[in-house]
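Protein chains: 2
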Amino acid sequence: MTIQEPDASRGLELAADPAPARPLDQSFPRSHKIYRSVEHNGFTLRIPERRVHLDGEPGQIDLYDTSGPQGHRPQEGLPRLRQEWIEARKEKADGNFSQMHYARQGQVTEEMAYIAAREGCDPEFVRLEVAEGRAIIPANINHLELEPMIIGRNFKVKINSNIGNSAVSSGIEEEVQKLQWSTRWGADTVMDLSTGEKIHETREWIVRNSSVPIGTVPIYQCLEKVNGKIEDLTIELFLETLREQAEQGVDYFTIHAGVLLRYVPLTAQRMTGIVSRGGSIMAKWCLAHHQENFLYTHFEAICELMKEYDVSFSLGDGLRPGSIHDANDDAQFGELETLGELTKIAWKHDVQVMIEGPGHVPMNKIKENIDRQSEVCHEAPFYTLGPLVTDIAPGYDHITSGIGAAMIGWWGTAMLCYVTPKEHLGLPNAEDVKQGVVTYRIAAHAADLARGNSKAQERDDALSRARFEFRWEDQFNLSLDPETARAYHDETLPADGAKTAHFCSMCGPHFCSMKITEDVRDYAAEHGLESEEALAEGMKEKAAEFSGQGGEIYS
Amino acid sequence: MTIQEPDASRGLELAADPAPARPLDQSFPRSHKIYRSVEHNGFTLRIPERRVHLDGEPGQIDLYDTSGPQGHRPQEGLPRLRQEWIEARKEKADGNFSQMHYARQGQVTEEMAYIAAREGCDPEFVRLEVAEGRAIIPANINHLELEPMIIGRNFKVKINSNIGNSAVSSGIEEEVQKLQWSTRWGADTVMDLSTGEKIHETREWIVRNSSVPIGTVPIYQCLEKVNGKIEDLTIELFLETLREQAEQGVDYFTIHAGVLLRYVPLTAQRMTGIVSRGGSIMAKWCLAHHQENFLYTHFEAICELMKEYDVSFSLGDGLRPGSIHDANDDAQFGELETLGELTKIAWKHDVQVMIEGPGHVPMNKIKENIDRQSEVCHEAPFYTLGPLVTDIAPGYDHITSGIGAAMIGWWGTAMLCYVTPKEHLGLPNAEDVKQGVVTYRIAAHAADLARGNSKAQERDDALSRARFEFRWEDQFNLSLDPETARAYHDETLPADGAKTAHFCSMCGPHFCSMKITEDVRDYAAEHGLESEEALAEGMKEKAAEFSGQGGEIYS
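Chains D and Y, in that order, give the protein sequences.
Just so we're aligned, residue 183 is where the first sequence starts under our numbering, counting upward by one.
Just so we're aligned, residue 183 is where the second sequence starts under our numbering, counting upward by one.
Read the hints as simulated data drawn from the structure, not as lab findings.
Among the hints, a few may not be true.
No copy is singled out in the list; a pair is fine if it fits within one copy or between any two copies.
Only pairs whose alpha carbons sit at most 20 Å apart, straight line, appear in this in silico PhoX-like list of lysine-lysine [what the hints assert, rightly or not]:
1) K272 / K697
2) K407 / K215
3) K547 / K637
4) K407 / K380
5) K549 / K681
6) K489 / K526
7) K380 / K526
8) K681 / K407
9) K411 / K697
10) K697 / K380
11) K681 / K637
12) K489 / K272
13) K215 / K637
14) K215 / K681
15) K489 / K530
16) K681 / K697
17) K407 / K489
18) K411 / K526
19) K380 / K411
20) K274 / K489
Please read all numbers here as calculations on a predicted model, not as lab measurements.
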């Protein structure tokens, strides 16, 4: 065991004492966490999975798991899994700690080996994808609690959950709970978008308690520091803030360096102008100063800082469309080209990059987004917000965006940023976070299936087999949200006996098609066709002979 | 006014007295129903729409509306809108009342003129689409309460809601409420899938209170008549049941005439066998009798009956896949070819036809479904259940299926059959019905947008304009579900003042991108660029000169 246990001395303090999250098996009955051991460079890597125990075939199934170490007191933070890896790495450091830097030197890091085991691929493949910029491993050397993961078009599709308080709502304890809640249901990364008071302290609690990469939008904190006066923002303040956050262990920064002066006028005729907070801040700064965006003009200085900590860029799409009307316009695609240019600069420094994407896009215009992004950003991973495929359903934007997310995920997007039912209306509470994460797990999983991921297909097969065999408990436990599935079933048939019944309240016993199919198969078996193969074989032959006017089979 | 008022003498009876649905504007504030008058053949057709009044531009917007006449006592049924049309038609009848029959003779019926006004197209276009089988108008001559509508790939995408009790749940009153609830939120047709007791009486209540077409699966009632003994089903009993339901006014029948003996063996190696109730019943009958499906062998007799009432076929996909694993297999596509063959037979009788489709299909296999259907079924309208794009989210199957529904709708499906959160688990209650309908309205509307429907785009534009201008009330009232949108907003900012505030709790006042965009535009205006056009023009010129290194605009 090489994992550093939590250090009581770095205990976080809060008047109210946040409790550990409730036990995992309360959300996922008959599941428990397992760790597979993998040896790498003298370290034993422990790869987390969630094992679901089943009554029927295949007996158990091991699922990719993001829930992190369980049962720890938030005050103490999580165990420091990466401490020894990073210490060893610092002994022969050249000032650039980025995973891309190592990958390009041919080194398979502990993070890469860990990810290969998690994704079920070769460590060398992970290294190559990172070296070529097609995937990133957001892993700040100061985020020792991280369970490494990868974002790239040739890996499992990932999802991000946004948390964070605003000036009018929410405290630290609630944000830590949203973090735990997000990763429990399947968030692969979490962005802390806090903008109110205690922004530094909130972030400290979040990073120390997060086993998934944490992203931020540093311009928000900068704006707090200048009391909301956009024109007072400077590159010095920005770099100072990046360093403050990088020291804490933030794994990726959203930076709106592509909002150029020349693109701002292109938004004037839009239906909804600029809807990215960071984008609108930078646009206003540019206009107030009659100068080019300082994030663009000082981009190399930012790269220098990023590589010291291995913080990844998430190049923000400050000019993303905020309505169906504005989708795929010149402002959006102009900025995208600049993001491609910046990608090349970051890669010159071996700094990892992903590219943010829209937004609000009708279905017929979605594919152009990923195709253009792939081309102008040289296959850097795409990270999209939805997209929402219509504007008319506030209150249901997890669904309007889940549709677009599934499609763009299938077509190659590497990570999907969730949208909750509260989008456009207010800050999400815990239930909204769950709805958003589950909806995006559906979208990401559907994308994995459509891309032919065999691990994804295994879970669908296991659940469908359980469904067909009336193993209700297995069906619930294999689902994304066992609590809800069970509760819905029990609303009409709460008795324990109903958990083994060969029907449900939807159709009742006489009309259950699966029950009747069972009868059909039994009938075939009685008539001498005992195995499914024999049945299929025998019947196929008969089918070939069959005249179409009432021949006989099964006889 | 040519509409026959409800006839107290045909009053329906029920121990509990179902109340009229609550007023429409409780669900849709600042909306009221309007009727546009259109003259046709001496009749005044009154076209229903829902007008939403707005504080800002464009002042009001008229929406396609399915909610039907309001405020009527369910005991008395709805006004008999079509009574005089049908009476006039019966005076020169030739025994075939189907809309296709009239269309092929070059006649534009009242239903076609009504639909043309509703869809915003030419009546002759409606006639042509019906004549060529690309669209159907489900409109039994005994369903006089119907507000005519059309299902076809060149019209607005429609959605269907399923209601109906099962042996273990639900009564008549509840089913009437689900009907009203479904159409209020936007269901274009409703299927009554009742299987328990009082199946005839439940249907009578539903048809008399429905302004949308009602579909059924008649084999369910047949099975009740033979006490669940599938082998006792006969074509005589089936035709008798069709007539009973046709007399009541059912507008379309799902008939599983494509489940042929030779396809049944193809399901033996499936993960989930046969999952259609009707399909499994017919498969079992075939095996029990060693005979071909009597719905197939007596298909012309069924056509003869259908045309007497103008009941449309919904040719059932009894062999649709019930799991991702089984999608697009030989059983499914074999049956589809038979449905194409049956379509030609129905058309020979001028009987209208739509084709049912799956089911469970991964995203990468969806398009093949609509492309094949279009080809082998000669462009007859496609009517799909979802499809669900993954099996692993019971409790969320409105979402897993809404994704597939939106995609296949975009690609040409004419009607989407909703799926509720209770799918696979139990019977939907009123809230589940609403969730299903709203989700499917999202899918259908997204499909309309992607197909370039300008009426659909108008609503998105109106809502996005309201959003950008901080007209919160307009934003709520233009949404698919104003109640929910308002409630979510008010959770964090309940004060009335917040309804005109230029921010919400998501970002707070300092970080509202739309607020900042307003500032940007104000700034431009102050500096001499007063209109948006001038702004855009002036800035575009500047942009062209701009060096990329800090030029000045707005000066």
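Tested hints:
{"no.": "1", "hint": "K272 / K697", "in the structure": "neither (63 Å within a copy, 46 Å between copies)"}
{"no.": "2", "hint": "K407 / K215", "in the structure": "neither (42 Å within a copy, 52 Å between copies)"}
{"no.": "3", "hint": "K547 / K637", "in the structure": "between (30 Å within a copy, 18 Å between copies)"}
{"no.": "4", "hint": "K407 / K380", "in the structure": "within (12 Å within a copy, 70 Å between copies)"}
{"no.": "5", "hint": "K549 / K681", "in the structure": "neither (43 Å within a copy, 37 Å between copies)"}
{"no.": "6", "hint": "K489 / K526", "in the structure": "within (15 Å within a copy, 68 Å between copies)"}
{"no.": "7", "hint": "K380 / K526", "in the structure": "neither (36 Å within a copy, 71 Å between copies)"}
{"no.": "8", "hint": "K681 / K407", "in the structure": "neither (57 Å within a copy, 29 Å between copies)"}
{"no.": "9", "hint": "K411 / K697", "in the structure": "between (68 Å within a copy, 14 Å between copies)"}
{"no.": "10", "hint": "K697 / K380", "in the structure": "neither (59 Å within a copy, 24 Å between copies)"}
{"no.": "11", "hint": "K681 / K637", "in the structure": "neither (27 Å within a copy, 48 Å between copies)"}
{"no.": "12", "hint": "K489 / K272", "in the structure": "within (13 Å within a copy, 83 Å between copies)"}
{"no.": "13", "hint": "K215 / K637", "in the structure": "within (18 Å within a copy, 52 Å between copies)"}
{"no.": "14", "hint": "K215 / K681", "in the structure": "neither (25 Å within a copy, 47 Å between copies)"}
{"no.": "15", "hint": "K489 / K530", "in the structure": "within (11 Å within a copy, 73 Å between copies)"}
{"no.": "16", "hint": "K681 / K697", "in the structure": "within (15 Å within a copy, 54 Å between copies)"}
{"no.": "17", "hint": "K407 / K489", "in the structure": "neither (25 Å within a copy, 76 Å between copies)"}
{"no.": "18", "hint": "K411 / K526", "in the structure": "neither (32 Å within a copy, 71 Å between copies)"}
{"no.": "19", "hint": "K380 / K411", "in the structure": "within (19 Å within a copy, 70 Å between copies)"}
{"no.": "20", "hint": "K274 / K489", "in the structure": "within (15 Å within a copy, 85 Å between copies)"}
The earlier numbered hints that this structure contradicts are 1, 2, 5, 7, 8, 10, 11, 14, 17 and 18.
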